Amino acid sequence: MAWKIFLFLLLAFVSIAGIAFPIVPVPTKWYEFPFIPGLKENAKIIFFHVPTAWLSVVAFFMSTIYSFKYLRKKNLDDDAKSYAAAQLGIIFCILATITGAVWAKFAWGSFWSWDPRQTSIFALLLIYGAWFALRSSIESDEKRATLSSVYAIIAFLTVPFFVFIMPRIMKGLHPGSADDTNSGPVIDFKMNANMELIFFLSLIGFTILYFWMWNIGYKSIIYRDKINKKYRG
Amino acid sequence: MHTKAYALYLKDFRSEIRTRYAVNSLAMFVIVATSVILFSIGNETITQSLTAGLFWVVIFFSAMSGLSRAFVSEEERGTSLTLQLIAAPSTIFSGKLLFNIVLVFCMNIVITLLYSALFDGFAIKNLALFIAAFFFGNAGLAIASTIIAAIISKAGAKGTLYPVLSFPILLPLILTSVQLTLMSFEGASFIDAKFELAIIICYDVIMLTASYLLFDFVWKD
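Those sequence lines, one after another, are chains A and B.
Take the first sequence: its letter number 2 is residue 2 in this note's numbering, and every next letter is one higher.
Throughout, this note's numbering is defined as the position within the second sequence, counted from one, plus 1000.
Just so you know, these hints were derived from the structure itself, not from any lab.
Keep in mind that a hint or two might mislead.
[What the hints assert, rightly or not] In silico DSS-like cross-links for lysine-lysine, where the CA-CA straight-line distance does not exceed 30 Å:
#  : chain 1 : residue 1 : chain 2 : residue 2
1  : B       : K1125     : B       : K1194
2  : A       : K230      : A       : K143
3  : B       : K1125     : B       : K1220
4  : B       : K1011     : A       : K74
5  : B       : K1220     : A       : K143
6  : B       : K1004     : B       : K1194
7  : A       : K69       : B       : K1220
8  : A       : K229      : B       : K1125
9  : A       : K73       : B       : K1154
10 : B       : K1154     : A       : K229
11 : B       : K1154     : A       : K226
12 : A       : K73       : A       : K29
13 : A       : K105      : A       : K219
14 : A       : K230      : B       : K1154
15 : A       : K143      : B       : K1011
16 : A       : K219      : B       : K1011
17 : A       : K74       : A       : K4
18 : B       : K1154     : A       : K69
19 : B       : K1220     : A       : K226
20 : A       : K74       : B       : K1220
21 : B       : K1220     : B       : K1004
22 : A       : K143      : B       : K1154
23 : A       : K229      : A       : K219
24 : A       : K229      : A       : K73
25 : A       : K226      : A       : K105
26 : A       : K219      : A       : K74
27 : A       : K4        : A       : K226
28 : B       : K1154     : B       : K1011
29 : A       : K29       : A       : K226
30 : B       : K1220     : A       : K230
31 : A       : K69       : A       : K226
32 : A       : K229      : A       : K69
33 : A       : K73       : B       : K1220
34 : B       : K1194     : A       : K143
35 : B       : K1220     : B       : K1011
36 : A       : K4        : A       : K143
37 : A       : K143      : A       : K29
38 : A       : K4        : A       : K230
39 : A       : K226      : A       : K73
40 : A       : K69       : A       : K143
Just so you know, these numbers come straight off a predicted model, no measurement behind them.
Please take these sequences and the hints and turn them into a complete structure.
Laid out in structure tokens, this is it:
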């Protein structure tokens, strides 16, 4: 129970700090963020947009890991875990798309401009949309688990192309693109120590939140399947 | 293993020659799609980047209309169990892949000839680069669509699901191939295109390895 209160406090602190702390040209006090050229006031989205994008990749990665596990052990619980992870992954992916589009409206002037990053997140949405379509088309549990595991693994192999390769070698507007001179590569931020601290606290907080949601998600799927089997025969 | 895979390819090839189902539907699809594009363009002159994109649009949808036959026909005729008894899964995949590769190459040579005859923008300046892009692009297209066809043949819904499942998998390949085709129009050298070529070759190798590893699970009931 204690960790739930801790998580609540952590996320509350991150939300308040991320929204309320001011951005100043030369930060002197502990709660002031530095001014990053090219990002300006919009830089604050980093505390909410980056964790959602990060979690969607983590969730899809876990979905693939449990697909592997299913193919090795043929245990339907692993399929439920993979399914729950992918469900959360697509939720976070939609959140990342929407927060990114809102940010793009103010930073680039339009909600959608087919920047390499936007193309790749759109492809992620398509992959997992197709994955859910495949799952819903198969009746038998074992067959659905096997075929969707195979598709999840093949689909995840294309994710590095979208998330890590294309946005970095193609020219684009998103921070971290090949021709970005203002805010540099994604990892090498011009953040100061307290901005980095809040950024990583936010990442940690959202990751714990994700694991909690995933735990509830896969357990509810496993229980639902058990109840269905009990009443069917 | 090689002889068995080749025998399987010959079997598919002979039955294709007898019925001409895939070839006929593919040829008609290519003609219909190209003429729709030509009608919608009318007298406008279109840019080279648009031509490169339209080229791969026709290739993608033609592949989607014909390549699922390899496995779906076995399921429809009820012959997949016999195949499981005769040969190992990897052999069957090799045979089917060989058939699809031949089909994709024939189809795309026809599409390329049609495009170079009908579109002014389709002027290749660096032929070697175009052939490299064409070769690796088609190989990747055949590999990815063969494994997806295997998944589709085992799943219930066959027709509509195939392009839906294939498109996201093929997207990195198609985007890079469009880039490479455009570069060959602009007369770029191999050194300019080294990133794109590296991506497309990586994609082919990754997909080939993953398909062979995962086909066992799809094929065995």
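Worksheet item: Can the restraint linking B:K1220 and A:K143 be considered satisfied, given a maximum Cα separation of 30 Å?
Response: Holds, at about 10 Å.
Discussion item. Checking one constraint from the list: CA of A:K229 to CA of A:K219, max 30 Å. Satisfied?
Written reply: Since the Cα atoms of A:K229 and A:K219 sit roughly 15 Å apart, the hinted pair holds (cutoff 30 Å).
Practice prompt. Below or equal to 30 Å on CA atoms is what counts here, so check A:K74 against A:K4.
Written response: Given pair A:K74, A:K4 is violated - Cα atoms ~33 Å apart, limit 30 Å.
Discussion item. Run the distance test for B:K1154 versus A:K229: straight-line Cα separation, threshold 30 Å.
Written reply: Holds. B:K1154 to A:K229 sits at ~24 Å (cutoff 30 Å).
Worksheet item: Is A:K4 within 30 Å of A:K143, Cα to Cα?
Response: Cα-Cα ~38 Å, so violated.
Fill in: Hint consistency between A:K143 and A:K29 [alpha-carbon to alpha-carbon, up to 30 Å]
Between A:K143 and A:K29 the Cα gap is close to 59 Å, so the pair fails against 30 Å, i.e. violated.
Discussion item. Checking one constraint from the list: CA of A:K229 to CA of A:K73, max 30 Å. Satisfied?
Written reply: holds, 21 Å
Worksheet item: Is B:K1194 within 30 Å of A:K143, Cα to Cα?
Response: It is violated: about 41 Å lies between the C-alpha atoms, which goes past 30 Å.
Item to complete: Could you grab the alpha-carbon distance between B:K1154 and B:K1011 and see if it respects the 30 Å cut-off?
Response: holds, 21 Å
Worksheet entry | A:K4 paired with A:K226 [C-alpha distance capped at 30 Å] | holds, 28 Å
Discussion item. A:K143 and B:K1011 were given as a pair; does the straight-line alpha-carbon distance stay at or below 30 Å?
Written reply: holds, 28 Å
Discussion item. Run the distance test for A:K69 versus A:K226: straight-line Cα separation, threshold 30 Å.
Written reply: Roughly 20 Å between the alpha carbons, so the hint for A:K69 and A:K226 holds.
Of the numbered hints given earlier, the model fails hints 3, 4, 6, 8, 12, 13, 16, 17, 25, 29, 34, 36, 37 and 38; all others are met.
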